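Residue numbers (our numbering), protein chains in the order written: chain A, 1 to 251; chain B, 1 to 257; chain C, 1 to 329; chain D, 1 to 288.
Source of the hints: derived by calculation from the structure; they are not laboratory data. Quick caveat: nothing in here was measured; it's all calculated off a predicted structure. In this text, a Cβ means the ideal position worked out from N, Cα and C, and glycines have one as well. Worth double-checking, as some hints may not be accurate.
Stated by the list, open to error - Lysine-lysine pairs mimicking PhoX-like chemistry, simulated, CA-CA at most 20 angstroms apart: (1) Lys205(A) / Lys246(B); (2) Lys141(C) / Lys231(C); (3) Lys290(C) / Lys82(A); (4) Lys94(B) / Lys180(D); (5) Lys64(D) / Lys71(B); (6) Lys290(C) / Lys52(C).
Claimed, not checked - Across the chosen pairs, the derived CB separations fall in these ranges: (7) Gln28(B) / Ala24(C): 49 to 55 angstroms; (8) Ser193(D) / Thr70(C): 52 to 58 angstroms; (9) Ala68(D) / Lys278(C): 43 to 49 angstroms; (10) Arg44(C) / Asp9(B): 52 to 58 angstroms; (11) Lys127(A) / Met191(C): 50 to 56 angstroms; (12) Leu132(C) / Leu24(D): 32 to 38 angstroms; (13) Arg153(D) / Pro93(B): 54 to 60 angstroms; (14) Ala24(C) / Glu189(B): 35 to 41 angstroms; (15) Pro237(D) / Leu82(C): 39 to 45 angstroms; (16) Ser125(A) / Gln28(B): 30 to 36 angstroms; (17) Gln28(B) / Lys127(A): 50 to 56 angstroms.
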Amino acid sequence: MSASPILEVEELSLAAGSKTLVSGVGFSLDRGESLGLVGESGSGKSLTLRAILGLLPRGVEQVGGTIKSEVRAAMIFQDPRKSLDPLCPVVRQVEEVVYYRQQVSRKAARTIALELLEMLGLPDSLKQTDRYPSQLSGGQCQRIVIAIALACKPGILLCDEPTTALDVTVQQQILATITRLQQELDFAMVFVTHNLAIAATLCSKLCVMKQGSIVEHGDALSLLQHPQHPYTQMLIDSVLPLPELEGSASV
Amino acid sequence: MSTALRIEDLTVHYDHFTALDKVSLEIQQHTTLGLVGESGSGKSTLARVIAGLISPVQGQVLLGSQNLGKKRSREQHKKIQMIFQNPDSSFNPKHTIRQILAEALLFHQIVDRSHVDRRCKELLASVRMDESALGRYPHEFSGGQRQRIAIARALSVEPSILIADEPTSALDVSVQLSILELFNKLKSELNLTMLFISHDLGVIHAISDNVAVMRQGRLVEVNTKEQFFTRPSTAYSRELLSAVPKMPTSQLSGGFL
Amino acid sequence: MMKSNTEIKPSVTLDSSRRWLTQALLRAALVVICVVTAVFFLIRIVPGDPAKMILGEYSTPEAIASMHHTLGLDLPIGDQYLRFVRNLVTHGDTGASIISGTSARELIADRAPVTLLLIVMASFLAILLSLLLAMLAATNKDKLLDHLIRIFPTITLGMPVFWVGLLLILLFGVRLRWFPVGGVGEGWTGMLHSLILPAITVAFTQIPTLVRSLRAQMLEVLESDFLVTLKAAGIPSRVILLRHVLRNSALPTLMLLGVNISYLIGGTLVVEQVFGIKGIGSLLFSSISKRDFPVIQGIALYCAIAVVIISLLVEMASWWLDPRTKGKQ
Amino acid sequence: MKSTLLDLPLQPDDQRKSTFQTILSTPSLVAGGIMLVLLIGLAVLAPVISPYQPSEQNLYAFLKPPSAEHWLGTDQLGRDVFSRLIYAARSDLKIMVLAEIIPFCTGVFLGMLAGYYGKWVDSVISLVTDTFIAFPFYLIVIIVAFASGAGQRGIYITFILVGWIVFARVTRGLSASFRKQEWIASAQTLGLSGVRIILRHLLPNVLPQAVVVLMTDMVGLLVAIVTLGYLGIGIAPPTPDWGTMIADGQSFITTAWWLSAVPGFAVVYTGIALSLTGDGLADLWRRK
Chain A
1 MSASPILEVE ELSLAAGSKT LVSGVGFSLD RGESLGLVGE SGSGKSLTLR
51 AILGLLPRGV EQVGGTIKSE VRAAMIFQDP RKSLDPLCPV VRQVEEVVYY
101 RQQVSRKAAR TIALELLEML GLPDSLKQTD RYPSQLSGGQ CQRIVIAIAL
151 ACKPGILLCD EPTTALDVTV QQQILATITR LQQELDFAMV FVTHNLAIAA
201 TLCSKLCVMK QGSIVEHGDA LSLLQHPQHP YTQMLIDSVL PLPELEGSAS
251 V
Chain B
1 MSTALRIEDL TVHYDHFTAL DKVSLEIQQH TTLGLVGESG SGKSTLARVI
51 AGLISPVQGQ VLLGSQNLGK KRSREQHKKI QMIFQNPDSS FNPKHTIRQI
101 LAEALLFHQI VDRSHVDRRC KELLASVRMD ESALGRYPHE FSGGQRQRIA
151 IARALSVEPS ILIADEPTSA LDVSVQLSIL ELFNKLKSEL NLTMLFISHD
201 LGVIHAISDN VAVMRQGRLV EVNTKEQFFT RPSTAYSREL LSAVPKMPTS
251 QLSGGFL
Chain C
1 MMKSNTEIKP SVTLDSSRRW LTQALLRAAL VVICVVTAVF FLIRIVPGDP
51 AKMILGEYST PEAIASMHHT LGLDLPIGDQ YLRFVRNLVT HGDTGASIIS
101 GTSARELIAD RAPVTLLLIV MASFLAILLS LLLAMLAATN KDKLLDHLIR
151 IFPTITLGMP VFWVGLLLIL LFGVRLRWFP VGGVGEGWTG MLHSLILPAI
201 TVAFTQIPTL VRSLRAQMLE VLESDFLVTL KAAGIPSRVI LLRHVLRNSA
251 LPTLMLLGVN ISYLIGGTLV VEQVFGIKGI GSLLFSSISK RDFPVIQGIA
301 LYCAIAVVII SLLVEMASWW LDPRTKGKQ
Chain D
1 MKSTLLDLPL QPDDQRKSTF QTILSTPSLV AGGIMLVLLI GLAVLAPVIS
51 PYQPSEQNLY AFLKPPSAEH WLGTDQLGRD VFSRLIYAAR SDLKIMVLAE
101 IIPFCTGVFL GMLAGYYGKW VDSVISLVTD TFIAFPFYLI VIIVAFASGA
151 GQRGIYITFI LVGWIVFARV TRGLSASFRK QEWIASAQTL GLSGVRIILR
201 HLLPNVLPQA VVVLMTDMVG LLVAIVTLGY LGIGIAPPTP DWGTMIADGQ
251 SFITTAWWLS AVPGFAVVYT GIALSLTGDG LADLWRRK
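Generate coordinates for the entire structure from the input sequences, incorporating the hints supplied.
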């Protein structure tokens with residue numbers, strides 16, 4: 001592991017007009033490491049991601065703090081259908097990003113794009129006939145969005161509730177894909193979710209956010225076992241328990 | 001225990017898509033049936049058919065011994081009430097909470113006109129809401145509060161069956177907990193018979209007595225809660241159950257591989 | 001290992017597109033039938049006797065009876081309708097002009113080219129200018145330019161088209177002498193040159209509504225999630241604007257123009273009168289002053305059918321271009 | 001877990017803005033309102049304010065440019081333009097308002113029917129709208145106005161025939177989208193009848209939007225009235241009308257341009273006032 005972190009956020013504050021949305025948020029991330037930002041709606045977790053990405057929504061401004069990053073960031077969004085141009089076929093969208101980001105020829109861009117799709121486990125039939133986002137399922141669209149993110153060769157992958165809009169079985173597949181890709185490509189990751197179980201499984205470090213600031217942070221497992229803040233306890237309680245399935249020894 | 005609601009061979013088509021394919025189901029008096037399924041499985045359609053909002057191509061809905069036909073009487077409408085997923089659009093935005101509750105009470109002549117106000121307050125109290133809410137408009141409330149008001153409205157006409165269609169999915173997790181708690185409390189206080197629909201197995205586990213699973217318009221499994229969550233009888237149910245993200249117990253689990 | 005080769009839903013099937021097409025055509029046909037019927041009843045539901053209107057208040061009963069015969073008004077209403085429809089189907093005509101005896105169809109066909117050219121020029125101008133203004137406004141949201149462009153529709157909404165024409169004549173025709181004050185020039189270049197001012201006038205009436213909804217449309221696209229994806233992926237903003245924003249807002253523009261084409265044609269008829277252009281508009285007014293019912297009916301009918309056909313084409317084009325409509329099952 | 005009584009405190013009453021305050025914080029509504037009040041005031045008080053009779057001719061002072069004596073000059077018959085202008089406002093605005101009443105009611109009602117019931121009710125109503133909309137607005141206005149005789153009656157008949165379509169389209173769309181929302185579904189689960197749902201639930205929700213459309217539509221109607229006047233098949237002389245004034249002035253456009261320009265500006269002013277009011281109302285209701 002390298003000594004210096006690849007992403008450092010210090011005292012980040014965001015505001016829309018006179019309304020403070022995020023205040024004093026700070027964390028750092030090493031190469032290949034993953035950090036979970038957990039909180040409910042209005043906690044400012046998504047805005048923090050957009051600030052790292054450098055694309056804040058209209059009207060929101062950074063009013064304080066610094067974001068130091070040495071690598072490229074790419075992002076995956078909550079609603080996969082809405083994050084793709086509805087009038088542009090999906091392979092073309094991936095290809096376009098490869099072309100502009102990796103500075104290769106059109107032909108090479110297409111080859112790389114198809115390789116990416118292969119890597120993400122998308123159906124081979126896309127190679128012959130390109131499809132529009134509306135013709136794909138939610139899970140397939142999310143894979144395309146991930147392919148677009150990977151086409152940027154990111155050092156950090158920012159994930160904004162990437163599975164909230166999906167069914168549980170699809171959610172499991174997408175999370176598995178993200179885990180596998182992270183191991184293969186060794187990018188760092190900031191994962192935003194309201195589900196503590198997902199965050200804790202995926203990330204080694206957690207930050208719990210409430211109303212724009214971090215109320216607790218630390219190592220994922222110790223945070224789960226010894227929560228200090230009542231809000232963290234509440235989030236732990238909100239993952240409703242299920243009894244152990246019989247006859248399923250492996251996880 | 002007697003059967004509160006029985007549906008037989010319900011079939012619904014949308015254009016060329018079969019939303020419900022010969023679904024038959026029973027709900028026992030004073031129990032809660034949890035209905036699970038992924039998006040597009042037909043759970044909401046089933047709820048709407050039972051509530052009389054969609055008429056099926058085939059099959060029937062039996063309330064006790066009564067067959068509910070295409071045109072329901074006022075009395076039959078009253079017996080089945082529903083709570084919807086989206087609390088933002090569950091109320092007429094131009095009506096106050098008082099108007100909303102009073103309309104239901106007066107239309108079904110639950111109480112005398114002079115007692116409406118008192119009854120409205122009682123209803124709000126039963127869902128743990130302050131009576132100052134009466135003069136306000138729906139948009140002044142948070143999602144969780146609106147869902148409480150929706151419950152109050154549904155219960156105001158004293159239905160024999162309450163359908164809850166994903167009532168907590170649009171809410172934040174902390175609010176979801178308090179609404180589930182309210183449901184459980186009302187369940188024991190009022191001896192409710194409920195059809196509770198959710199895609200979230202944790203929610204279903206917290207509220208149901210029995211569980212039914214739907215997939216692509218068909219009923220896959222109906223089972224008691226204990227059986228379903230520990231020894232599901234179909235592979236699909238098992239797949240669903242094992243896909244639910246769980247709290248890790250050690251950091252060595254290696255993500256979701 | 002986690003290869004999710006869940007197959008892709010079949011895209012648009014031949015069956016569903018054929019069904020859509022039949023439905024659209026059937027609807028258009030029904031509207032045409034209604035339009036024909038409406039035109040037929042046009043002179044029958046209005047109060048007063050058309051024959052009296054043509055001949056004047058103090059005409060002899062014999063003259064009125066003979067006029068009734070010429071117009072076919074002495075037949076039972078069912079027969080009148082059949083005769084009207086038969087004439088329409090076999091000759092594409094609504095009868096002969098009472099004044100000149102020439103068939104209404106020929107009179108209209110004679111005047112149609114200028115009017116059509118004017119409509120095409122005006123639509124072209126309207127689309128071009130609206131797209132430009134809307135794009136400028138949307139990309140500069142809440143800045144001075146946006147406010148200026150947004151005030152523009154508010155001001156121009158209440159401008160009568162003929163008045164705008166008069167002011168333009170005054171400014172560019174009388175004062176600056178850039179364009180002729182009226183009439184149609186000789187030859188292609190002369191014709192185009194003399195039609196520029198009228199075309200601007202017609203376009204001017206369309207631009208406010210077009211700009212208003214286009215701006216809203218573009219803002220929606222500009223603030224959509226997929227634009228963030230593209231920006232985050234580092235696609236140059238020029239490419240995003242031209243390839244993604246413009247294309248996504250082009251469809252609604254097309255639809256909007258389909259809806260507005262009817263207003264555009266109506267405006268053209270009035271503008272012709274202001275500029276003294278011998279097109280369908282001036283034919284309408286001269287027929288009205290001479291009470292020439294068959295010609296008036298013909299103009300109404302042809303304009304309405306043109307609108308129905310254009311709307312159908314627009315509907316078909318946008319259905320064809322929009323993958324979202326086809327993805328649905 | 002402890003039971004949560006209320007998950008968010010309610011806004012205290014004194015923080016809820018009064019309607020009056022909200023109106024004041026909508027600049028376009030205030031501006032439009034002031035402009036409208038000014039206009040209506042001039043029209044209503046025309047007999048008191050106007051320095052001359054609208055048809056009072058003065059052949060010694062014709063085609064006079066604006067002066068202290070004649071604020072907006074005189075026309076070719078020496079009539080005072082300002083007096084004619086405000087008397088014309090009287091007749092044009094009266095017709096504009098009266099001609100909108102019936103179309104507004106029928107349009108809103110038919111639109112709600114089509115949107116709420118859908119299916120064949122919608123198909124029939126849509127077929128009628130599509131048929132009417134196929135005829136260019138000015139074409140139908142001109143033909144019907146001419147056929148039913150020039151003058152006010154023609155305008156009323158035309159508008160009863162075609163004016164409702166705009167409102168029907170808007171309310172149909174709104175009703176159809178409301179119909180998909182849960183509050184309509186829950187009214188249905190209560191067992192309320194269609195008529196009751198339409199009148200008690202849909203109507204108060206579609207009305208604001210319909211009123212906003214009414215404002216812009218009135219501008220369109222006014223322009224149509226003026227256009228008919230200009231073409232000589234609208235309000236018949238000697239009743240003053242902006243359209244006729246523009247037409248009369250057209251022959252003197254090079255020498256006395258204000259004769260045509262001034263009544264035109266009056267139309268534009270009314271248009272701005274109405275659309276500002278419409279925008280303001282839309283803004284107000286959106287924020288509420």
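Results for each hint:
With a C-alpha separation of about 17 angstroms, the suggested pair Lys205(A) and Lys246(B) falls inside the 20 angstroms cut-off, and the hint holds. The hinted pair formed by Lys141(C) and Lys231(C) meets the criterion: a straight-line CA distance of about 18 angstroms does not exceed 20 angstroms. Distance hint between Lys290(C) and Lys82(A) is unfulfilled; the C-alpha atoms sit about 60 angstroms from each other, more than 20 angstroms. For a cut-off of 20 angstroms, the pair hint linking Lys94(B) to Lys180(D) stands: about 17 angstroms separates their Cα positions.
Restraint check for Lys64(D) and Lys71(B): not satisfied, since their Cα atoms lie roughly 76 angstroms apart, outside the 20 angstroms limit. Distance restraint check for Lys290(C) and Lys52(C): the Cα-Cα separation of roughly 12 angstroms lies within the 20 angstroms cut-off, and the hinted pair is therefore satisfied. At about 51 angstroms, the CB distance of Gln28(B) to Ala24(C) agrees with the hint of 49 to 55 angstroms. Between Ser193(D) and Thr70(C) the beta carbon distance is about 54 angstroms. The supplied range of 52 to 58 angstroms therefore holds.
The beta-carbon spacing between Ala68(D) and Lys278(C), approximately 46 angstroms, falls within the hinted interval of 43 to 49 angstroms. Taken as a hint, the range 52 to 58 angstroms holds for the pair Arg44(C) and Asp9(B), whose Cβ atoms sit roughly 56 angstroms apart. Between Lys127(A) and Met191(C) the C-beta distance comes to about 53 angstroms, which sits within the given range of 50 to 56 angstroms. For Leu132(C) and Leu24(D), the Cβ-Cβ distance of about 36 angstroms falls inside the hinted range of 32 to 38 angstroms, so the restraint holds.
Distance hint check: the CB atoms of Arg153(D) and Pro93(B) are about 41 angstroms apart, inconsistent with the given range 54 to 60 angstroms. A beta carbon spacing of about 56 angstroms between Ala24(C) and Glu189(B) contradicts the range 35 to 41 angstroms that was offered as a hint. In this structure the supplied range 39 to 45 angstroms holds for Pro237(D) paired with Leu82(C), their Cβ-Cβ distance being about 43 angstroms. At about 47 angstroms, the beta-carbon gap between Ser125(A) and Gln28(B) misses the expected band of 30 to 36 angstroms.
In this structure the supplied range 50 to 56 angstroms holds for Gln28(B) paired with Lys127(A), their Cβ-Cβ distance being about 53 angstroms.
Taken one by one, the earlier hints fail for this structure at numbers 3, 5, 13, 14 and 16, listed in ascending order.
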